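**Q** Chains A and B, in that order, are what the protein sequence lines are. Residue numbering for the first sequence follows the working numbering, beginning at 1 and increasing consecutively. Residue numbering for the second sequence follows the working numbering, beginning at 1001 and increasing consecutively.
Hints are computed from structural coordinates only; laboratory data are not their basis. Errors might be hidden in some of the hints.
Claimed, not checked - Capping the alpha-carbon separation at 25 Å, the derived lysine to aspartate or glutamate pairs in DMTMM-like fashion look like this:
1. Lys1337(B) / Asp1377(B)
2. Lys301(A) / Asp1194(B)
3. Lys219(A) / Asp208(A)
4. Lys365(A) / Glu344(A)
5. Lys365(A) / Glu1062(B)
6. Lys365(A) / Glu1390(B)
7. Lys219(A) / Asp342(A)
8. Lys1337(B) / Asp208(A)
9. Lys301(A) / Glu1340(B)
10. Lys130(A) / Glu1093(B)
11. Lys219(A) / Glu317(A)
12. Lys219(A) / Glu1108(B)
13. Lys301(A) / Glu344(A)
14. Lys71(A) / Asp179(A)
15. Lys301(A) / Glu238(A)
16. Lys301(A) / Glu1287(B)
17. Lys301(A) / Glu1390(B)
18. Lys78(A) / Glu1340(B)
19. Lys365(A) / Asp1392(B)
20. Lys71(A) / Asp1377(B)
21. Lys71(A) / Glu186(A)
22. Lys78(A) / Glu125(A)
23. Lys78(A) / Glu1287(B)
24. Lys301(A) / Glu1114(B)
25. Lys301(A) / Asp1315(B)
26. Lys301(A) / Asp319(A)
27. Lys71(A) / Glu1093(B)
28. Lys301(A) / Glu1108(B)
29. Lys365(A) / Glu1097(B)
30. Lys130(A) / Glu1287(B)
As the list claims (entries may be wrong) - Covered by chain A, per the in silico footprint, the following chain B stretches (three or more residues, Cβ under 8 Å):
31. 1002–1015
32. 1249–1255
Since this is a predicted model, take the numbers as computed values, not measurements. All C-beta atoms in this analysis are idealised placements derived from N, C-alpha and C, irrespective of residue type, glycine included.
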Amino acid sequence: MTPRLSPPGKRRSSSVPPVRVERLPNGLTVLLREMRAIPVVSVWCWYRVGSRDERPGVTGISHWVEHMNFKGSRSIPKSEVTRRVELAGGVWNGYTWLDVTTYFETVSSDALDAMLRLEASRMTECLYSKQEVERERSVVISEMRGGENDPRSYLEREVSGTALQAHPYRWPTIGYLSDLQAITREDLYAHYRRYYVPNNAVLVLAGDFETRAAMRLVKRHYGRIARGAEPPPVRTVEPPQSGERRVLLRRPSGASYLQVAFPAPALTDGDFPALLVLDGILGGGPSINAWAGGRGAGPSKSARLYRALVEADLATEADTQIIPTRFPYLYRIQATAKAGVDPERIERAVYAEIGRLAGGSVEAKDLERARNQFLARYALESESVTDAAHQLGFFETVATHRDYLALPARVRAVTAGQVARLAAERLSERTRTVGVLVPDAAGAGGA
Amino acid sequence: MTRRQELDNGLVVVARPNRAARSIAARLVFEAGAAFDPPGKAGTSSLVARLLDRGGGGLSAEAIAEGFERLGVSYVARAQGDTLDVEVRLLAEHLPEVLRRLRPVVAEPAFPEEEVRREVGQTLSALAEREQDTGAVAEDALAAALFPPGHPYREPAVGTRASVPRIGAADLAAFHRERVGPSGSILALAGDIDPDRAIALAADHFGDWTTGRGATGRATIPDPPMPEREVTLVRRVEGKTQADLVLGMLPGLRRNSPDLPAALVLNNALGEFSMGGRLGAAIRDREGLAYYVYSTFEAGLGAGPLAVRAGVAPDAVRRALDLIRRTLEAVRRRGLKPSEIRDSKQSLAASVPRRLETNPGAARTLADCEFYGLGLDYPERLPSLIRAVERDQVAAAAHRYLTLGRHALVVAGPALKEALR
């Protein structure tokens, strides 16, 4: 029997809450989704700024600015920024990535007004005292070093910087140590003022509120903020690659690691849904919630890579990565070698699987499984108010939230032929970048 | 609105509706965690969890995976300290089929020899990786310092290089037979369900499960002895840029300790509230020494230590440790300020409803309440228990749990001997 999945929205279309889109005269985009089952509201404020907006010398500055924006403002003292959220039983956080910087609070719904006040203040009047900048410099460096304790972070950085030679997606969001040591208070403040303007921001509310009343609060807190100059665009386009690139790293490590990266289509590219399906067949399908997705999930054991690498006893782990991005980025395949297995054997097995895809091995049941996994995950990863607001805001910041809402229909329309063509054209030897990390003499190489 | 029913075979089914959802999270919990690994065979529970879906009930591993994944179901099984947990997430319309497919996975795993050999080999590879992970190295050393040989909480759940090769298919089958059965186990469901129907479905698919002994009454985990004096361990791990440190204190807390609400308030003010409580203020906020510093209680069937964790640069270890000690000492000697206690009580009490916001969170919380005998109304009762905590109770908790001077401290990272001198 072939199982049938009803698409999100079809089974009980009336229960899928609509998204209301508003634009204030100052350019602020506001998305509202009423979800009134429990008395909780999630507020996310997004900015179209990330590591893509940096240049050598100030790499990591977007992320450091995010840290500084928890350090108090002219109207909200530092001690109050997170305290107010937690007293409302809330959870808060923020993150910075390739295309986005965001802040959120999920709180009891009676605290909505206080959260909007907090976020509006964060947009315009954070303090950036010299002393706080210096304290945060060492915190950010500590964050970077903590990440570097995982040897795979070196591999990811080298592969990104090799696969991308020109586009600013090539450096790590955390930044380079030399830049983190050199960035000044003035650099940080200028970056903050350039990008934190309402016409470069998206405010998302999901949860227990009445839309018109919520919009009144939004206008009260954000309405008087002046529009700013449009932030500078990202101009560099990555030139095409015309041959395999390879990097070999030696570091103390308990295992060998392989990472293969291919140029991936941007979110709005017509090939993006086919990549989601291809990845479903190869890797078990991506999470498309960059914040909470995949948390607590196990590996997909019917995925071809799992069978070819883990079941075949070559690797202890195999996974893939797709990130919905504004500009073309990377599709990654990663594996941890089982002790005693030469990463080259894993590499060959990966290419064999890609060759099978390109050779037209995709059957109806593969497509069906990949689509069903995607559609289930799409639903599961947007159910809570926090996840629903995240998804609308993330996609609106990268492209538009309509691109997110359209994904299920676009994924359902993907054919086996498209998957084969994508594998042949995009996952080719000419465009791949291969990174291998092997334990060096000082490290324990595994049993 | 949460319904509970114990089936004739002893399996307790708990169901909570969430009409805002299209999905369901279901969680099966067995008293079969790493604490119950046979002597000398640490890692047994973890291997059982990893092999449940690798063939059984007449189905191959491939057929089991395909059966879940063609419906878009996510499946994961893990060994925790006290429990072995199996969690599935699914669209609501698939519940009957998913329960039908889950039954042979948990009740009739075959533990095929070849799968066991492969999984043992992969676990050994993972252990080699773990030896290079400063956080894991610190945790393992802390457990070994606080819990004596033979104690259920001493060995890591994943096992050790010595124990894992000793485990064979017969060990896994025996562990499964003795500990993974319906009696004393829990099936918690949350999401787009009618609770009565969910219980009926559970009874249909699990009601006639009688193999596997399961637990009869919760196990007793002995209290570890207090260390006579403080223990400091340095574990050198090459090629790292940051040190992970963990400081653990006994007697530790059990999930059913009567002073748990006061202990939670203490811990929140010490190392959670806002940006890591007092510890965060002293170490991250005022001195910028660490990206993360926080404290936790690992309360289970047995007492788990109050632990402080931080990641710091090797040259800042001394300073960070000094600040951690001073903070712990100040809280133990002078207690917390009334405003700190007020904030922590308010924050903890107000955050309880959020635990039930997502289906996986609700299923986990309900299974937890049932497993530890707290009652399904615990999420409703806990806020008022927290609000009722008095200042002197927090002071008593500080005195009891902050046992600086008889703690164990582990620092794992590069070239630390010099840094600690």
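**Q** Confirm or reject each hint.
**A** Structure-based check of each hint:
no. : hint                    : verdict
1   : Lys1337(B) / Asp1377(B) : 31 Å, violated
2   : Lys301(A) / Asp1194(B)  : 31 Å, violated
3   : Lys219(A) / Asp208(A)   : 18 Å, holds
4   : Lys365(A) / Glu344(A)   : 31 Å, violated
5   : Lys365(A) / Glu1062(B)  : 14 Å, holds
6   : Lys365(A) / Glu1390(B)  : 61 Å, violated
7   : Lys219(A) / Asp342(A)   : 60 Å, violated
8   : Lys1337(B) / Asp208(A)  : 35 Å, violated
9   : Lys301(A) / Glu1340(B)  : 48 Å, violated
10  : Lys130(A) / Glu1093(B)  : 57 Å, violated
11  : Lys219(A) / Glu317(A)   : 49 Å, violated
12  : Lys219(A) / Glu1108(B)  : 60 Å, violated
13  : Lys301(A) / Glu344(A)   : 23 Å, holds
14  : Lys71(A) / Asp179(A)    : 21 Å, holds
15  : Lys301(A) / Glu238(A)   : 35 Å, violated
16  : Lys301(A) / Glu1287(B)  : 46 Å, violated
17  : Lys301(A) / Glu1390(B)  : 51 Å, violated
18  : Lys78(A) / Glu1340(B)   : 16 Å, holds
19  : Lys365(A) / Asp1392(B)  : 64 Å, violated
20  : Lys71(A) / Asp1377(B)   : 39 Å, violated
21  : Lys71(A) / Glu186(A)    : 16 Å, holds
22  : Lys78(A) / Glu125(A)    : 12 Å, holds
23  : Lys78(A) / Glu1287(B)   : 15 Å, holds
24  : Lys301(A) / Glu1114(B)  : 17 Å, holds
25  : Lys301(A) / Asp1315(B)  : 44 Å, violated
26  : Lys301(A) / Asp319(A)   : 11 Å, holds
27  : Lys71(A) / Glu1093(B)   : 47 Å, violated
28  : Lys301(A) / Glu1108(B)  : 19 Å, holds
29  : Lys365(A) / Glu1097(B)  : 18 Å, holds
30  : Lys130(A) / Glu1287(B)  : 14 Å, holds
31  : 1002–1015               : violated (count 0)
32  : 1249–1255               : violated (count 0)
Violated hints, listed in ascending order, are 1, 2, 4, 6, 7, 8, 9, 10, 11, 12, 15, 16, 17, 19, 20, 25, 27, 31 and 32; each of the other numbered hints is respected by the structure.
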